[in-house]
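Heads up: the protein sequence lines correspond to chains A and B, in order.
In this text, residue positions in the first sequence follow the numbering used here: the first is 2, and each later residue adds one.
In this text, residue positions in the second sequence follow the numbering used here: the first is 2, and each later residue adds one.
Hints were generated in silico from the structure; no laboratory data involved.
Please note that a few of the clues may not be correct.
Any copy, or any two copies together, can satisfy a pair, since identical chains are not distinguished.
[Claimed, not checked] No more than 27 Å apart at the CA atoms, straight line, and that leaves these computed lysine-lysine pairs for BS3-like:
hint	residue 1	residue 2
1	Lys343	Lys226
2	Lys395	Lys343
3	Lys159	Lys102
4	Lys499	Lys453
5	Lys343	Lys317
6	Lys339	Lys317
7	Lys102	Lys196
Letter by letter, the chains look like this.
There are 2 protein chains.
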Amino acid sequence: MWRRSKHACLRATQFAKLLFSPHLADSSYLHISTGLHLPVLLSADVQSTCNAGESTGIRIVCGVYMNWKRPLNQQFWKHWQRGLATSPGATKVFRDPRFAKLEESDMQHFQEIVGDKGVIVDSSELEVANTDWMNKYHGQSQLLLRPQTTQQVAEILKFCNSRCLAVVPQGGNTGLVGGSVPVFDEIILNLGAMKSILSFDEVSGILVCEAGCILENLDTFVGTKGFTMPLDLGAKGSCQIGGNVSTNAGGLRLLRYGSLHGNVLGLEVVLANGTVVDMLGTLRKDNTGYDLKQLFIGGEGTLGVVTKVSILTPPKLASTNVAFLACEDYESCQNALKEAKKQLGEILSAFEFIDRPALDMALCHLEGTRDPLPSKHNFYLLVETTGSNEAHDKEKLDAFLEAGMELGYFVDGTVAQDSTQAGSFWEIREGISEALVKAGAVYKYDLSVPIKSFYRIVEDLRAQLGNAAVVVAYGHLGDGNVHLNVSAPKYDEQLLAKIEPFVYEWTAACKGSVSAEHGLGFMKPHALHYSKSEEAIHLMEGFKKLLDPKGILNPYKVLPACAATSTCFVSV
Amino acid sequence: MWRRSKHACLRATQFAKLLFSPHLADSSYLHISTGLHLPVLLSADVQSTCNAGESTGIRIVCGVYMNWKRPLNQQFWKHWQRGLATSPGATKVFRDPRFAKLEESDMQHFQEIVGDKGVIVDSSELEVANTDWMNKYHGQSQLLLRPQTTQQVAEILKFCNSRCLAVVPQGGNTGLVGGSVPVFDEIILNLGAMKSILSFDEVSGILVCEAGCILENLDTFVGTKGFTMPLDLGAKGSCQIGGNVSTNAGGLRLLRYGSLHGNVLGLEVVLANGTVVDMLGTLRKDNTGYDLKQLFIGGEGTLGVVTKVSILTPPKLASTNVAFLACEDYESCQNALKEAKKQLGEILSAFEFIDRPALDMALCHLEGTRDPLPSKHNFYLLVETTGSNEAHDKEKLDAFLEAGMELGYFVDGTVAQDSTQAGSFWEIREGISEALVKAGAVYKYDLSVPIKSFYRIVEDLRAQLGNAAVVVAYGHLGDGNVHLNVSAPKYDEQLLAKIEPFVYEWTAACKGSVSAEHGLGFMKPHALHYSKSEEAIHLMEGFKKLLDPKGILNPYKVLPACAATSTCFVSV
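Isolated chain A (complex conformation):
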């Protein structure tokens, strides 16, 4: 008996039976679920060389690790390893054999579309484009295309779709989940040459530009008109607005200006089959039909390629203040946030959280960093205000500080006297990530949890790990986004097994998100089910199939592979 299933939960023995089943089509995907959903594609040659072997256990921990009682046919493992993607991470997949391999005639066709300059085959250029900026994911693409117009993007995709050539759209390639690099030999569609500003309305602050515009350049441009971009990221010097939209980038201004789902007013998108969908409205209000563009915001390039963006930019405000505050317990941090909302109201622009171990990391590993406060405390808050009137802002900040001290929410604190000091406070907060890397091995989790649970997960993980590692927490308390890090002298599989799926299950239990702002990319499709219901994932699969029936757009990403490409059959 075979039945269609999206999220089959197989026991180890079932998995083994299935793996060697003659019924398994060579293009089928399996979801192996032991808490994780792990897409595994069996290529025909692997399958044909497999001998059925008795298995007694499969262990799947952030990747494919198997313990078999009897060693398997060596030929199997050879094929298995050869076929696996070289990218490390949670999902390891075989190249989907339905995708065509690049041929000489294809190259000629691409040259006709984008000209010689738009076709990149130089190995050093490809090396850069094949590698993500963490140097963690490495693709093997032999071709990068650099179109200059939407029409060229459309012609490229139309051709790729007809030939079943897989494509990975790429912006600034600054993502943190391996979403913008090839997994195998996907053609890299780089949007960097499409970098024109198309219009700016100085009354409404609405900017329309091409997808390849770099965020910082846009911020500089609108800055000259008295406006600012509604998002700000560490990677702003490299990241492109099309990539920002495609990953629904969060960043430092989200607390104040909200997400891109509210700020993006329109998009131009090219679908997998080359259809250009013009949704490039420049209106704050438009209730004519379904708001389609929203699906492409955070679609991570799997539903279409964003080629143009219309975005609302808020007025640039003149005054910024930064305070660094100390609290004794997490309850006080929450109370301070409530008080900040009350007292600072419309000028609150950041409310960041650092626990003592996180501050210690920065102090210990970042050169020139010093504790802003004279004595040690358990928790720290970085509170920023941005407003149009400096005197008013300072008065409001003083009132907040006075009330907070009086109510005992914070026990010490200091306000930056100038932008240099403000910068030094921000450097501590932003430098923790780098400090953790310097400290040794680090296991990183970017979670959204209800604010009341924000620190409980840290405490529970500490209890779970004991003395095995240091658990460090910081993040955007105002947004409920905690960056949970486990620091250890070296990477250790036993430690990892204690962390996962503990952290994901904990997050799921409080209806949190296993990816607050980074997306899923190639790193976390297997963890999607921790944050989304089966029905929701089923709908996502439906949308993917509707918009990209052949699955050529950014394959192996976002959805468990089964959803993205083919029907999945499992034995029952």
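Add chain B to chain A, keeping to what the hints say.
Positioned in the frame of chain A, the structure of chain B alone reads:
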């Protein structure tokens, strides 16, 4: 020869040929496009009694009007008129014969699901629920169901889908486009009994509640916690949050807090087949997969029934100021908006526009209304600030007023001295609509246009109409949302023909929206193509088909009928 087409453009003679063609299936829809896309369903009996008649012209102006050289078979017209929906408006459709008619056994089944109290067949109650609040649209439903739980909604829809019984979801029934009343005999699914507040996080301000909660009740509830709802509407005493979400209601606070696409954090939705999709997140940041909930925001109940809502509420601010200002030209109004953004920055909460004819309407027809300023001017602005510190806000407002006067942006103005006077300014702005109704016949258009074009459409329409009518404009200048009204002593088809499609074409030419905040409902599906590209409409059709293959959810609404239900074949 027959070919599949979604947007067939037929000339009059082609239409006539098609109308009487023996090839026309009794369930086919036609789009008759002479600038409009008009869904017409021919029922089998109409078709069978039609005699082919020679036609020389069809005139389609916001409805079905035809001029034939020779009078048609009287029997045809009898059937035609009997079969047409009784609702006036742009689209006139026949009842889709694929929908089943209610049977006694259905009633028993519904009673088992929701109990006796949940099944309403009382004619006076049905009369209310069949009629929209403008008394413009009148359905003929014989059954209203009032479920109390999501599970009951799911069971109802599952059953209706299996029986092919059409359903219209209904909240407070305060919509302006006939979206929440039946067109024919659709079952009314009223969410009013699902009115529980499920949770409120006093730190983050995140509210979770059932769809039937009345907006004003929610605002009162969160108000006691120091928060406010991010939307405010005239209908707040009756409208329900589920309906607000389903229509993507705009309203008075949009300028400040943005649209529901940014503020709604999660939804629970029941699909047409009864599947409950839990997307009820309570997180500000969640980048795990496609943001599905966005499609149901503004989906007008055609893709699923919203049963629960999670929404971010901003802190309630203590201080409000209102100024009433006069400008001599539209350029100055735009400059004043720029200056307001600069000077008022984070405290600007409304920037409303009224032209002199609009003010005159209010002064002439609203009892007790008087001009806030001593002399006449061409344009008026109502500027509101909301902030956390009264003294600061007043200082900022004074600076704005001083700068605006000095720069000559406004020539006169007054600031409300208390909430009563502020209320009287708002009454003028909000009373114009009522004044227009008192003045006689009124043709109303709710348009979004780029701010620079905001008043040009008014001037062009005046030139187009000459002395035939008074053109009046007011609206949310800060959002680019103009309420364009034509006032005349009586309704006149010749006048209408001069207004439409002129206004829609003008709006389309500047990439505006023919429905800024009201939605499409039953009134404007034919006008969708003025604001959305063919490719976008095609995608919408795809999503509708995917989520509601039988088209039982709110039929005849939002999409041109062909899209919503069946394949369309036209002769070529």
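Failing hints, ascending? Hint 7 contradicted; others consistent.
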